[in-house]
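Let's have the full structure, built from the sequences with the hints guiding it.
Sequence lines, in order, name chains D and W.
Residue numbering for the first sequence follows my numbering, starting at 1 and increasing by one per position.
Residue numbering for the second sequence follows my numbering, starting at 1001 and increasing by one per position.
By construction, these hints were calculated from the structure, which means they are not laboratory data.
A couple of the hints might just be wrong.
To be verified - No more than 30 Å apart at the CA atoms, straight line, and that leaves these computed lysine-lysine pairs for DSBU-like:
| # | chain 1 | residue 1 | chain 2 | residue 2 |
| --- | --- | --- | --- | --- |
| 1 | W | Lys1022 | D | Lys57 |
| 2 | W | Lys1107 | W | Lys1049 |
| 3 | W | Lys1107 | W | Lys1069 |
| 4 | W | Lys1107 | D | Lys9 |
| 5 | W | Lys1022 | W | Lys1069 |
| 6 | W | Lys1077 | W | Lys1058 |
| 7 | W | Lys1077 | W | Lys1107 |
| 8 | W | Lys1049 | D | Lys57 |
| 9 | D | Lys9 | W | Lys1069 |
| 10 | W | Lys1069 | W | Lys1049 |
| 11 | W | Lys1049 | D | Lys9 |
| 12 | W | Lys1107 | W | Lys1058 |
| 13 | W | Lys1049 | W | Lys1077 |
| 14 | W | Lys1022 | W | Lys1107 |
Said to hold, decoys possible - Label-pair distances were calculated between CB atoms; the ranges are:
| # | chain 1 | residue 1 | chain 2 | residue 2 | range |
| --- | --- | --- | --- | --- | --- |
| 15 | D | Lys57 | W | Pro1115 | 24 to 32 Å |
| 16 | D | Asp40 | W | Gly1062 | 31 to 39 Å |
| 17 | D | Gly98 | W | Gln1071 | 24 to 32 Å |
| 18 | D | Glu75 | W | Gly1029 | 31 to 39 Å |
Everything numeric in this text was worked out from a predicted model, so none of it was measured.
Ideal Cβ placement from N, Cα and C applies to all residues, glycine included.
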Amino acid sequence: DSGVTQTPKHLITATGQRVTLRCSPRSGDLSVYWYQQSLDQGLQFLIQYYNGEERAKGNILERFSAQQFPDLHSELNLSSLELGDSALYFCASSPGQGVTDTQYFGPGTRLTVL
Amino acid sequence: AQSVAQPEDQVNVAEGNPLTVKCTYSVSGNPYLFWYVQYPNRGLQFLLKYITGDNLVKGSYGFEAEFNKSQTSFHLKKPSALVSDSALYFCAVRENSNSGYALNFGKGTSLLVTP
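Pasting the structure below:
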């Protein structure tokens, strides 16, 4: 158990809908990262937050957004969902934002768009 | 951009034999390299990382990795494989450009250890 929690574990929804994925980092970690894992794209970095502020963006679609709250938990919002958004979404956390910091991953949320 | 390549989709090894999962990297500047393992329906678990120093890095569950600068490789090794080591293994490099410090992952290597 990494100490990173994600809810829900599974999410099934329809095209065009909006969902929110939640992540609680390890105690004391200030950085939160979101990744998407799909069969065709592999593991891709979406976005990073550090202590409430957005720090870096990867291959995140405009339909997706995220935020980190004062208690450091983070939410990833996915809207106007398409079939291709079906994937495993991981959250990871690290103590800071140093280049040598280890990222610890949560168990993931499996999103299925029908 | 920093990147890693895992040239093998699958590695098969018999229990008790040594295993190697290959990874090569391409970076500008200092490489910061990581190995993670993913068991079915689970998240990624951190195994080990290379930051600087000794070229042989020891990690969790008896795994180690050898950093080779001249060959730009960071292969994951274990002297004696267990059936329970069967999983998906990812090599990753730390980005340090406008992507912040995210991890850039290889496509993964499936390890199958047979009894």
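Below or equal to 30 Å on CA atoms is what counts here, so check Lys1069/W against Lys1049/W. At roughly 15 Å apart (the allowed maximum being 30 Å), Lys1049/W and Lys1069/W satisfy the hint.
Does the structure keep Lys9/D and Lys1069/W at a Cα separation of 30 Å or less? Given that 30 Å is the threshold and the Cα spacing comes to 40 Å, the pair is violated.
Assessment of proposed distance window 31 to 39 Å (beta carbons of Asp40/D, Gly1062/W): About 33 Å separates the Cβ atoms of Asp40/D and Gly1062/W, which means 31 to 39 Å holds.
Taken at face value, is the distance from the CA of Lys1069/W to the CA of Lys1022/W at most 30 Å? 14 Å, holds
Tell me if the straight-line CA distance from Lys1107/W to Lys1069/W falls inside 30 Å. 21 Å, holds
For a C-alpha distance cap of 30 Å, please report whether Lys1077/W and Lys1107/W respect it. At roughly 18 Å apart (the allowed maximum being 30 Å), Lys1107/W and Lys1077/W satisfy the hint.
Holds or violated: the 24 to 32 Å window for the beta-carbon distance between Gly98/D and Gln1071/W? Hint holds: Cβ distance 27 Å, inside 24 to 32 Å.
Below or equal to 30 Å on CA atoms is what counts here, so check Lys1049/W against Lys57/D. Measuring from Cα to Cα gives roughly 23 Å; hence the hint holds.
With a cut-off of 30 Å on the C-alpha distance, tell me whether Lys1107/W and Lys1058/W pass. Roughly 23 Å separates the two Cα atoms, so the pair holds.
Can the restraint linking Lys1107/W and Lys1049/W be considered satisfied, given a maximum Cα separation of 30 Å? 18 Å, holds
Does Lys9/D lie within 30 Å of Lys1049/W when you go C-alpha to C-alpha? 28 Å, holds
Regarding the pair Lys1107/W and Lys9/D, is the alpha-carbon distance no greater than 30 Å? 23 Å, holds
Checked against the numbered hints listed earlier, the structure breaks hints 9 and 15; every other hint is satisfied.
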